[in-house]
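Novice: Given next are the chains, with one letter for each unit.
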Amino acid sequence: MSETTAVPAKKPNSITWTDVQQLLLRGRAFIALILVVVVFTIIAPNFLAAANIEIMAKHVAINAILGIGMTFVILTGGIDLSVGSLVGLSAMIAGMLINQGIVLPQLGIIIYPHTWLIMFVAIVAVTLMGGISGFIITRFNVAPFIATLGMLYVARGMALLINNGYTFPNLVGRPELGNTGFPELGAGSFIVNYSIWIMIGFALVAAFVAQRTPFGRQVYAIGGNERASELSGVKVKRVKLLVYMISGFCSAVVGLIIASQLVAAHPATGQFFELNAIAAVVLGGTSLSGGRGSIGGTIIGAFVIGVLGDGLVMVGVSSFWQQVIKGLVIVLAVIIDQIQARMQMRIALQKQQELG
Amino acid sequence: MDGTNILEFVEISKGFPGVQALDRVSFAVRRGEVHAIVGENGAGKSTLMKIIAGLYQPDGGEIHLDGKPVVLKDAHRALGLGIAMVPQELNLIPEMSVAENILLGMEPHNSLGVVDRNRQLQRAGETLASLGLEGVNLGQRVKGLSVAQQQMLQIARALAFQCNVLIMDEPTASLSEREQIALFERLRMLHEKGTTILYISHRMEEVFDISDRITVLRDGKFVGTLPREEATQDEVVRMMIGSTMADYLHGRSARLEMRRAVLEVRDLGRQGHFHEISFDLHQGEILGFAGLVGAGRTELLGSIFGALPRDTGDVRVNGQPATIHHPADAIKAGLGYVPEERKRLGIFPELSVLTNTTIPFLRKLQRMTVIDRRAERQSGEQLARRLRVQTPSLEQRIVKLSGGNQQKVILSRWLGSGADILILDEPTRGIDINAKAEIHALIAELADEGKSIIMISSEIQELLAICDRILVMRNGAIVSEVSSATATQEDILRLAMFGSEATLQPANPKI
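Note that the protein sequences, when read in sequence, are chains A and B.
Just so it is clear: in the first sequence, position 310 is 310 by our numbering, and no numbers are missing.
Just so it is clear: in the second sequence, position 205 is 1205 by our numbering, and no numbers are missing.
If you're looking for bench data, these hints aren't it; they were derived computationally from the structure.
C-beta atoms are modelled at their ideal positions from N, C-alpha and C, and glycine is treated no differently.
Keep in mind that the hints are not guaranteed to be accurate.
[What the hints assert, rightly or not] Derived DSBU-like pairs: lysine-lysine, alpha-carbon spacing no greater than 35 Å straight-line: (1) A/K235 with B/K1343; (2) B/K1364 with A/K237; (3) A/K237 with B/K1332; (4) A/K235 with B/K1143; (5) B/K1436 with A/K235; (6) A/K237 with B/K1343; (7) B/K1143 with A/K237; (8) B/K1332 with A/K235.
[Stated by the list, open to error] Examples of chain A residues toward chain B, derived with CB under 10 Å: (9) F208; (10) T213; (11) P214; (12) S229; (13) E230; (14) L231; (15) K235.
This is chain B alone, in the form it adopts within the complex (with noise of 0.2 Å):
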């Protein structure tokens, strides 16, 4: 650590459709630091990080490499100036093994152009060497590798680059704490022989252990750099949620004396994603679920709805145990889902409006064993009205609506299917300020109906506006149970990066 800047972010914007996801950014990595970037989930960190591995173009702005500005054209180009990412998703190939995959578009080879096997065995053995990884057997295939295991080997692929900056995205989101241990272990090596390493974290302990600076984003601007000796987590908190939110406005509160359950769900696990869940939803409940990316959260509503799998646990709907193994049994018990994603498991991008809209209730639309058209116009004109779902005609395929449009008709569907409760996993997700506001009044009058509600967002100010309750996910587990009447933003983010002291037992459903 020399004290000079390797990296400059000189006004950096990026923005997508309907989101800016950088704004003006500007900030400076020094030679041989470790940089921690923070910030909340859609804060702009992947955005940024994505930017510097050539992976995306900043409409706007420079980066100084060096004190020279550089365009960073693709990952290549990224790679080529000593810039290596280890990303999220790890992109390695399962069918090759360990040395194939650290040589990787570097391969070693003779005159004729031919792989020198022996070369390439060597530098892949020098490169594990470096990183204190001697004894690996470099000839097996890495789809037999652990997760641990093969972010190591990405990290090593990095450094046949011959990388001086490598940047980590979220790496120990899928890590024990054993292998965590390894991994801060190996970082601090490279660190110590040079490597400046920018480090994306939501966790705060890791971030306090590893780093030597913390940079802060949030909304896709840049909020401050903090060295670490003089930043506490509650400082950084503080940054990463804005001073001005401290009293968001709740627009419901526990108006609820409490009502008769209509979900039970006792002991809930499922290894590796969360365990021992309890709790309980009661008839005009809006429940919210907030936690980290990774907490869990998808993972344990997918399964209650039967669209993924768990291990253990029962789930009571209307006090009758419910056997649910397919989303089939969960629909025919009065539940609906909407899922996260909405391009990827939501929508039949090709069909029609109509059609998307009746697809889980045809079976009330038919007569004998054939649809009735006019009962499903009729059901689908009433609900593109109720939801005011924008489309010149229901025979649109869906896919030219607009995301919020589209949003409104997977809800269509379990208004149609009369479903009673309603699992929603992050409903208003890219999505413009219009239609969520529209969604957010449709949910609070389905509950109003006497329709309960679990909801998954990852802004916490829209748990506490809507939501009656709100459980904490952190790791697996609930950590905590919160009345949005009482709660604030900060608490709630505090007890999803930390957990709470007191107690890492499930919240107690009875109240």
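Okay, chain A solo, but in the shape it has when bound (with noise of 0.2 Å):
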């Protein structure tokens, strides 16, 4: 610490009282999913059973995936409430390809892609909606809560287009067209299930990015003051159109996998999706503003949120009062995070007094 400059401040004293509250503020969400952890270990015996954990791993990494996109967004200072819809339209797009194929009716055949190709398609078709909500966030200037709000009726509305409302059952593919296999995503395990896999590559990657990269640095940036990121050579609107892209992604991710979970696409998959996301991102310390968060604590909101949900089912607690309960732990969050941010504030000031 003491080369870092020519001129040290003095040294902390001793660890004071405001130091730990401090500490217990900044890991509050680590804190919070360790006592429902606790809680629920204590009324459902069966709790943490290995069956169990992994069941719940498997929820949260649906919402953990869409927080991970959300956290860019949302660090920039925008907002994606297109995510849940997105979400049903990758899905309803691989289901399309799997049942229908792609007709060319001049030509009179059918091509039935291959599964790889089929989940490749869908992720490129709604990763570029995502984009088409970064353009025109970008290019018109419109605010991201209604360019998203927009996107949301719009691909939901694609979704239900696609097969008239109807679902895609039974995707399995036919052997002699060679586009099997697509269940094996959602199904499939090496120790535990794929998703989960996904889930861990993903954050691990996420991370990474955001700590590691000029693209991470900058996307803090911007969330921090975009004004001045720009004035600091800062492709503002570039990056802002990546993030909806990322986003868009990890939507179409998480559609193809819950669209193979249940070997079938549903045009309402999804629905109220980027409510979780975004609970999971808050509930993760990142502050709505932008500038300030982590990919680690969106995780760890994405874990709080499932193990509250499969916890309040496994102990008989009503749905209704699920919901409840949910949005009180949102909320309290929250204030939390306004809290600790006026504590800091405090600190600040007190500092620069001692200073002169």
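Hey, can you piece these two chains together into the complex? The hints should help.
Specialist: Dropping the structure here:
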């Protein structure tokens, strides 16, 4: 610490009560998670059974993956309300390509692409939809809330249009067409279910990108002060466009996972998922005004929401009460966030006064 | 004008962190007069006006209204006592109609509390008529009006509150000449009706045109009040500067034999902000830009850096034409920019000192696509040491540092990025004296190393002390070029306020 500057400031003398408070506040999501786990372990004896943990982790993975994309968006000071609809759209695109293939009436043929290609197409298409939101936000200066609200409707409408509101059932493909294997994504496992590996992989990559690449830095910088970023040479529009594409990409992957797990694509898939994703981000300590937060926090936030939800089910709390409790937890988290911010300001002011 | 005092200031003081904005200011304003208040940037004029309007509370002293001490605890109270201010930044509500804006906060209503539309329109119409503004569409939304019209509206709003004292803070800053004339006509009308007007301006012609008496402030202190008939422009300028400053020490003389031009600016223009700007910046030179607030300096230099738009003109860097549409282009061409408003445009308050330092040159610190953290830290440490940034660690959030240290961090960005041309907009504003001296020394050092520097400052002494040449801007044009070795503060202030009589053309960049 002392080599960092020519004039080292005085060293903090001892750990004070405010330091402890700060530590508790900073680690609040993690503390909340431990608390939730401990409480449910006491009430529901088989809560920590291995099988149960894997089921919960699968549920968490959905929110966590969406939360990862959402974290990038919120770090820039934006919001993406369209993720739930994009999940549905991604599922429907995959369902259509498996069950109906690509019909070319002029040539009188139907192309049934390989499963890998199908997933690729769904991901590219939905990522581009995220890009459209980003383009509208940066090019026409539309508030992210509005642009992605529009995309919420458009994408859901498209998901419904694809099969006239009907489900694509039984997405197993046919061996003679060479498009089998889609359910493997949802059902298969290597020690644990694939979706959990995807979550872990995404989280590691995202955390790395956020912390260690110029792009990640620029995301934080834009949320911290957009004008100053511009003046420091950050191409603000390009970065913002990219974060909405990342969010679209994550939505697409989640859509595929869900369709695969259900072996069916339903057009209403993913409804209200955006709210869970935002809740995970906020619980994880990311500021809705941007510039502050972390991928790790979002993952913990997703676990809090997932464990809370599943735990309440296991304990037998009615689904109506579950909603009430979830809502209270989210609001409480933001209140604590505000308290922390105010405390930090106070501490900063005190330090300034001490320095003279 | 019956000669009695409507307002009296007794020993008014007001301090902000780091500055004593007003220091025991005492003077009186007579009933019904137009009283101009002049002074250099930072002399305390606006602070004083905000105190009268109830927006700031003085730390000490008393205000007497009609001979009785009053406490103006907020703007509402001041309005209630008949004191209204037309602020520099207009604060009308763009989505509301003209009539609604005039009567905002005092809407006529019936016994049920519902706004009485007819009476609203009628009273708004009467108010405008008293300003000689008949035939204004009362239902029109304010956002469609010109700045001058909005200003009239703001005055109308003040009148609707039956004000006796009207404060105008730099009202002509954004008006065309024709609009100015119209404004003055209205002010004379009000004057004849007995309204007392406090008028703040930089522009001497205006002040001498309209006011009965002139009060000069300097560095937060009262210098004197002169009746207009007895005052001359020279005298007022001298009072603004202070006689002791006549021969300020020139730190850097024009020691430079002319070296090659690293930045050539030709015919730059932007509608309503600056026009026909041409100048050269030479290697190792410190070029100052003097002028009043609103002269177009910030807009001009921001546009060279690609941060603000421009309509016409070319920029060459090191002899090559440079297409700069975005600050990223400018940085690539070797430019660096320290903006005027450090908090709003400079720092990332919640991010660490290190992140704040390296943000513009992350590309230089990456291996593959990953930031090389060791290289980043080394670079950050080196820069912090060189600029003597005082911080407990590089992980400290920058918002916790003092203003001077924040400014050093912003400067260090451009040393790290390897910029050869630095544009500094008010680099020492609002920072303590020690940091200021350090930054001055650093600027000179960088120039000696061969970097070229453009610097805006509102402190003419500062420009004289560290610049080689100074360009003076007025109303969006360069009116003169002076050498800091021969010019005096008075010369520059006079050029900034009146322009040069001889020529209004841009200075010839080729000497």
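Novice: Next step is simple, just say for each hint if it's right about the structure.
Specialist: Hint check results:
1. Annotation: proposed proximity of A/K235 to B/K1343 holds, straight-line Cα distance about 20 Å (limit 35 Å).
2. Our distance criterion of 35 Å between C-alpha atoms is met by B/K1364 and A/K237, whose separation comes to about 22 Å.
3. A C-alpha spacing of about 18 Å is found between A/K237 and B/K1332, which places the hinted pair at or below 35 Å, so the restraint holds.
4. Pair hint A/K235 plus B/K1143 holds up; C-alpha atoms about 31 Å apart against a cutoff of 35 Å.
5. At most 35 Å may separate the alpha-carbon atoms for a hinted pair to count; B/K1436 and A/K235 meet this at roughly 32 Å.
6. Our distance criterion of 35 Å between C-alpha atoms is met by A/K237 and B/K1343, whose separation comes to about 22 Å.
7. Taking the CA atoms of B/K1143 and A/K237, the gap is about 28 Å. The hint holds against a cut of 35 Å.
8. Of the pairs offered as hints, the one joining B/K1332 and A/K235 holds, with about 13 Å between alpha carbons and a cut-off of 35 Å not exceeded.
9. The closest approach between the C-beta of A/F208 and any C-beta of chain B is roughly 8 Å, which is under the 10 Å cut-off, so the hint is satisfied.
10. Given the 10 Å rule on beta carbons, the hint for A/T213 holds: about 6 Å separates it from the nearest Cβ of chain B.
11. The criterion of a C-beta within 10 Å of any C-beta in chain B is met by A/P214, whose closest approach is roughly 4 Å, and the hint holds.
12. Restraint check, A/S229 versus chain B: the minimum CB separation of about 7 Å is within 10 Å; hint holds.
13. Annotation: A/E230 was flagged as interfacial toward chain B, and the flag holds, the nearest CB pair being 6 Å apart, inside 10 Å.
14. Given the 10 Å rule on beta carbons, the hint for A/L231 holds: about 5 Å separates it from the nearest Cβ of chain B.
15. A hinted interface residue such as A/K235 counts as satisfied when its beta carbon comes closer than 10 Å to some beta carbon of chain B; here the least separation is about 6 Å, so the hint holds.
Checked against the numbered hints given earlier, the structure satisfies every one of them.
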